[in-house]
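A.B. asks: Sequence:
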Amino acid sequence: MKILKGLVIMVAVASLTSCKGQKADVKSLETEIDSASYALGMDMAIKVKANFDEASTDLFLQGYRNGMDSTNLLISEKDLNTFLRDFFQKQQVVKQKEAQEKAAKDAEAKFADVKKAGEDFLAVNKTKEGVVTTASGLQYIILKAGAGEKTMPTSKIKIHYHGTTIDGQVFDSSVDRKEPMESVANQFIPGFNEGLALMNSGAKYRFFIPQDLAYGVQQRGELIKPFSALIFEVELLEIIKE
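Numbering of the sequence shown is given in UniProt numbering, commencing with residue 1 and proceeding in unit increments.
Warning: the hint list may mix true and false statements.
[Claimed, not checked] Keeping only pairs whose Cα atoms sit at most 20 Å apart, straight-line, the calculated SDA-like set for lysine to any residue is:
1. LYS150 / TYR161
2. LYS241 / PRO190
3. LYS204 / GLY146
4. LYS102 / ASP86
5. LYS110 / THR165
6. LYS90 / GLN62
7. LYS158 / GLY202
8. LYS47 / LYS110
9. LYS204 / ILE142
10. LYS204 / THR165
11. LYS49 / MET68
12. LYS47 / PHE60
13. LYS144 / ARG206
14. LYS158 / PRO180
15. LYS150 / ALA197
16. LYS97 / GLY216
17. LYS78 / MET68
18. LYS47 / TYR64
19. LYS78 / PHE88
20. LYS156 / SER201
21. LYS47 / GLN91
22. LYS49 / LEU61
23. LYS90 / LEU80
24. LYS150 / THR165
25. LYS150 / TYR64
26. LYS158 / SER174
27. LYS47 / LYS95
No lab work stands behind these hints, which were simulated from the structure alone.
Between the sequences and the hints, there should be enough to build the whole structure, so can you do that?
C.D. replies: This is the structure in structure tokens:
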């Protein structure tokens with residue numbers, strides 16, 4: 001809404017000037033008020049240009065004049081705030097989406113080798129004995145079958161996990177910390193959530209998670225680069241009853 005306030009001030013200044021008739025541009029600023037007036041107009045123009053470059057100056061001025069005399073309104077006063085709020089919210093969503101798409105495109109170019117390494121690794125890994133591949137692309141091996149009940153998405157669980165990159169670098173490990181983790185079962189990355197849903201209490205699995213089921217375009221710490229495939233060894237110690 002700061003943008004809107006800026007637009008209103010700029011339009012007001014421009015409209016008042018136009019109502020007095022066209023005057024030649026001032027060549028110098030004689031007083032502090034002159035300088036402040038000029039600086040305010042310049043500042044607002046720069047902000048409008050940066051944030052709303054599709055604006056029509058003519059319609060700005062028409063809207064200001066109509067609002068001042070309350071005649072010939074093309075948008076009713078009762079609808080004005082709602083329209084402007086919704087419009088700028090939509091503009092913000094569009095800009096955020098464009099920024100995200102650009103960031104993803106830039107990251108894909110920069111980390112293309114990381115993405116390819118993960119794809120190549122998984123292509124070979126899925127042919128190994130004992131590896132199961134799900135419809136989503138998650139791969140897993142059952143290291144130890146569990147005899148307990150299966151997890152539900154909302155189950156509270158206690159697990160041990162050991163996470164590595166495909167070249168074996170450890171980025172996180174409750175095993176190394178000797179401290180099991182307690183959490184709700186659906187609070188992890190998609191591939192991890194999917195793998196947990198396959199497990200019975202007491203089971204131990206190894207997950208091979210494609211980048212699109214892991215962190216995707218996001219960088220997570222020093223070791224997990226964008227588009228990284230990840231490996232987790234997970235033991236479901238307990239489904240906690242409350």
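A.B. asks: Work down the list of hints and note, for each, if the structure agrees.
C.D. replies: For each hint, the structure was consulted:
no., hint, result
1, LYS150 / TYR161, "holds (18 Å)"
2, LYS241 / PRO190, "violated (24 Å)"
3, LYS204 / GLY146, "holds (7 Å)"
4, LYS102 / ASP86, "violated (24 Å)"
5, LYS110 / THR165, "holds (18 Å)"
6, LYS90 / GLN62, "violated (24 Å)"
7, LYS158 / GLY202, "holds (10 Å)"
8, LYS47 / LYS110, "violated (32 Å)"
9, LYS204 / ILE142, "holds (6 Å)"
10, LYS204 / THR165, "holds (19 Å)"
11, LYS49 / MET68, "violated (24 Å)"
12, LYS47 / PHE60, "holds (15 Å)"
13, LYS144 / ARG206, "holds (10 Å)"
14, LYS158 / PRO180, "holds (6 Å)"
15, LYS150 / ALA197, "holds (7 Å)"
16, LYS97 / GLY216, "holds (16 Å)"
17, LYS78 / MET68, "holds (15 Å)"
18, LYS47 / TYR64, "holds (19 Å)"
19, LYS78 / PHE88, "holds (17 Å)"
20, LYS156 / SER201, "holds (12 Å)"
21, LYS47 / GLN91, "holds (15 Å)"
22, LYS49 / LEU61, "holds (16 Å)"
23, LYS90 / LEU80, "holds (16 Å)"
24, LYS150 / THR165, "violated (27 Å)"
25, LYS150 / TYR64, "violated (65 Å)"
26, LYS158 / SER174, "holds (11 Å)"
27, LYS47 / LYS95, "holds (16 Å)"
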